[in-house]
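Asker: Chain by chain, the residues:
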Amino acid sequence: MTSTENQPALTCWKEKGVAGDASCPRLAEFGHCRNCPEYARAGRSLFDRNIPAGFQEEWAIMLAGIKKAESPGAVSAVVFRLNDEFLALKTVAFLKALEMRPIHRVPFRTNHVFRGVVNVDGVLLPCISAAELMGISAADPSGKHDGHQCYRRLMVITREGARFVFPVDEVLGVIRVLPNQMQKPPETVSKSLTALTMHVFPWENRMVGLLDDQKLFTTFHGSLTH
Amino acid sequence: MLLLIFQSGEDRYGLDASRIIEVVPLASLKHVPHAPEGMAGLLNYRGTIVPVMDLSALLTGTPSRARLSTRIVLVDVSPEDSPAPRILGFMAERVTETIRYREQDLQVSGVAVPGAPYLGKIMLDQYAMVQRIDPAAVIPESLKATLFALAKESNHD
Amino acid sequence: MHSQQSITFQLSLLIISSVALIFALVFGYNYYISRQLVMQGVEREAQQIARATLKRIETVLYSVQKVVQGMSQTVQNMACPQQDLVRYLKAVVESNPEVYGSVIAFEPYTLASDVQYFCPYYCKQDGKLTYVDLGNASYNYLNWAWYTTPKSNNCAVWSDPYFDEGGGNIVLTTYSVPFYAMRDAGKRFQGVVTADLSLDWLKDLFASIRIYQTGYAFLISNKGTFIAHPDAALVMKETIFSVANKRKNLLLEQVGRRMVNGDTGFIPMKCLLTNKDCFLYYAPLAANGWSLGVLFPRAEFMADVNRLNQVVLILTAIGFFLLLAVIILVARSITRPLTRLTEAAEAVAEGRLGDASRLAQEMAGRAAGRKVRNEVLRLRQAITTMIHSLESVVSQMGKSGVLVTASRAQIDTSARQLESAVTQQAASINEAGATSKEISTTTQQLAQTMDQVTQSATETATLAGGGVTSLADMKTAVQSLMESTPQIAAKLGLISQKTSNINQVVVTIVKVANQTNLLSLNASIEADKAGEYGLGFSVVASEIRRLADQTAVAALDIENMVAEMRTAVSEGVAAVGNYTSQAQISSEKIVKLSDDLSRIIDQTQQLSARFETVNESMQTQSQGARQINEAMEQLGETARLTHDALSEFKKVTEQMSDAVCGLQSEVARFSVRA
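Protein chains in written order, with this note's numbering: chain U, 761 to 986; chain W, 36 to 192; chain H, 650 to 1323.
Same shape as in the complex, but just chain U (with noise of 0.2 Å):
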């Protein structure tokens, strides 16, 4: 890789900033330099780099694909995972992945299903051990799973202006799933689950259980109750 700028590769951060003895002056105004526009350009300038081999051909190519047309009654869906069950929730429940935080226990409330609340935006919302309640073992505290890195997550879901948090072990993304993928649960998962699980499909060779959100959200209300 040869850069074909000739102005030498910024490297401040490493001298006068985080990485180095933090005597810049910008310090104080951006409090670390990843704010600042020096270091955006530093990173911008690596692409100023020339195109690999390839690269064009390449995106000739995925570029003159055509657009598939949206099948009617597809579904889009938020994949998680909890320990080995790969589930899924329609888009529309979901709110938002965030990254683990504290979860505040409840005084005298705090069980095994009803784990507490968490702050999410300025807003404490309960926090439902989803795992617990469909009888799904924890997961490895390592996080790995498979072999490779995975990290937890708290799902944020919503349905009526009702609003939960659950944590799930991976979140995989939000995919399509269009009707004629969908078959009926089979009977081998557990009862708990079995209840909430409107259809499974396949996805990355594995099946995916997709959750009745309604179904979801009753028993998440019904778990606070208790």
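Honestly, the hints are just simulated from the structure, not real lab data.
None of these values were measured; they are calculated from a predicted model.
A hint or two may mislead.
The calculated DSSO-like cross-link candidates involving lysine-lysine, where the alpha carbons are at most 30 Å apart (straight line), are [as the list claims (entries may be wrong)]:
| id | chain 1 | residue 1 | chain 2 | residue 2 |
| --- | --- | --- | --- | --- |
| 1 | W | K65 | H | K1160 |
| 2 | H | K800 | U | K774 |
| 3 | H | K919 | H | K852 |
| 4 | H | K1178 | W | K179 |
| 5 | U | K850 | U | K776 |
| 6 | U | K774 | H | K1147 |
| 7 | H | K897 | H | K800 |
| 8 | U | K856 | H | K1160 |
| 9 | H | K895 | H | K925 |
| 10 | H | K1147 | U | K904 |
| 11 | U | K776 | H | K715 |
| 12 | H | K1160 | H | K1147 |
| 13 | H | K897 | H | K886 |
| 14 | U | K856 | H | K1178 |
| 15 | H | K897 | H | K852 |
For this one, chain U is given, so just place chains W and H on it according to the hints.
Answerer: Chains W and H alone, transformed into the frame defined by chain U:
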């Protein structure tokens, strides 16, 4: 309002984002023999043949360099309330940022360049001046017709 | 004469001092006892004087007290008009000679409801009975101490003595008695009756108290004020404390305190008038707490005892002189013949045998007429015999001394000849010894030098041997280094290759970051088109762009680090290569150096053997020389011994010569009677 920033020579320009359909990487283009000046080639964009103009060549006379940050901006240049979009590609260097602005941030350049009606008002951001460019006005209507004719021809090939 | 004086002196000193010691003990004891007795007598006498005086004073005081108490009873019981009271008062003053003046004072409005002040006073001013009405506002008797003190204390009070303000220099003391009106359930204070007592008569009383020549008595009040004292300057003007203060006399102050407290005691102190040693007896006056002091001058009451002592001492001195005269006479009669004998013995000592003999015969002649004392006679006979024997010995020695002197001269001559011969011999031997010693020393030095050369050669050989070994080690080390350098190079090459892999990863990261940046642009554009609804999404888009920038910076960092690493590795490879070639050259040089050193060792070892041979012959030579030297030294020693023996001999003859000379001179001192 949003401007998509690019660079030509040492100067920075902004394209109004409202007419932009998508920004795509610098894919290889089909070259057109005896193409009009400033035309880089033709791009197959999701089944549609789109003529691609080199903005750098148009503004400074030097063709854009093949860099990772050199990208193709796909703009809908069809006249207002036209049902079918007419897409034109603009190749430009350093297409890596956008700037949000208000109309009052812009100042009139004060110099009207004949033959370059697309050069718009000027605004200042934290680095330097940015001059707004109307992508629809970059290409004269006559040239547009030629280009789309070329594209249509290729499409039927 | 000295010896005679000495015996007489010693005898007198011994006897006189023993007698003096005994006398001193007896005298001292006698003085102590008689002093004790006198002191006891004085104390008794003081007590008696004090008691008598106190009794006389108290008699007066009590009589006044009785008068006043009677008045108070009368006034208390008598409810009579004012004129009667005044008349009664006048009668009391007239009829009691010891009363100087008297008052009857009533509390306001107690005598009669319309009488505020009532206080008639009679006194014998200048022997004339005088009436004064003190019952007026200007005098206001209600505030005076003679009225207030008995009132507040509810008892009769003797006032401190004071100068009467109106009636000249009369010292007065007042006795005040309160009286009461008996009403219903108790008594109520109604007034005070008083009587003034002139203290003039005390002056006469105390003047009449005579103790020896200068002894006297004094009286002080409760506050220590002098009421009576021979020194008129003190009376009513000073207190015992002020005097003590002026004279800085702590003892006096303590005494004053005890007297004021009403103690009784007998203590030694200084007289206030004459400042002589005194004894003070003090006792309180029972009636009003005044205190009487009686002073006894010590010198005066001890005068008799002291006079007796003087007489005894004079008699003793006379006795001592008589005793001394007797002792000297006795001593003289013993020492006189001894003196004569001593003179004879001194004549013998000085060699005047003739004089001594004559003295002895004179003594014998003198003694013949007297009664003989044994010890002195025997001494004289022994001295006479001794003088005769000495005379014969001295004449014999004079003859033999001449003979010894002659033979001593002969011996001296021959010894001197022998000495010179021996000295010559010793000198030649010393010379020979020195020469052989020089040879021996030179040879030894040469041998030592050879030794050093040999040692150096051996050390060189050893060092060279060590060098060969070190070089062999070094060669091995260099070879192993050369073997391992390709391995190092290979490993460095591997690192280089791995860094290339990292660069591939970096390329991928850059591509991803670039794509992310592109996506963020599209996202921003889409969000912008969505207007209001896209605002949140546009924030996300710019966040994503920031992340892409950060990823790109991380890639840049990695790339720079890899570049640095690659530079370091290639430098390492170059250094290793360079080192290897140098090691190759060093290795060759080492081999050559090792050969050279081995040759040096061989040569040095041969040289060493040759040195050994030389050294051995040197040793032999040195030994021979040393043996010669030793023999010479033995010879020299013998000569020295001979010389020493001769010297010794010479010394002995010289000593003998000296002895003969001494003998002759001694003998010459004695003048033998012809």
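Asker: The structure should be examined with respect to each hint, and the outcome stated for every one.
Answerer: Going through the hints against the structure:
1. K65/W - K1160/H: Since the Cα atoms of K65/W and K1160/H sit roughly 23 Å apart, the hinted pair holds (cutoff 30 Å).
2. K800/H - K774/U: Status violated; Cα separation ~110 Å.
3. K919/H - K852/H: holds (23 Å)
4. K1178/H - K179/W: holds (25 Å)
5. K850/U - K776/U: With Cα atoms ~49 Å apart, K850/U and K776/U exceed 30 Å; violated.
6. K774/U - K1147/H: holds (24 Å)
7. K897/H - K800/H: Roughly 39 Å between the alpha carbons, so the hint for K897/H and K800/H is violated.
8. K856/U - K1160/H: holds (28 Å)
9. K895/H - K925/H: This hinted pair holds, its Cα atoms lying about 18 Å apart.
10. K1147/H - K904/U: holds (26 Å)
11. K776/U - K715/H: Roughly 121 Å separates the two Cα atoms, so the pair is violated.
12. K1160/H - K1147/H: holds (20 Å)
13. K897/H - K886/H: holds (18 Å)
14. K856/U - K1178/H: holds (22 Å)
15. K897/H - K852/H: holds (28 Å)
When each numbered hint is compared with the structure, violations occur for hints 2, 5, 7 and 11.
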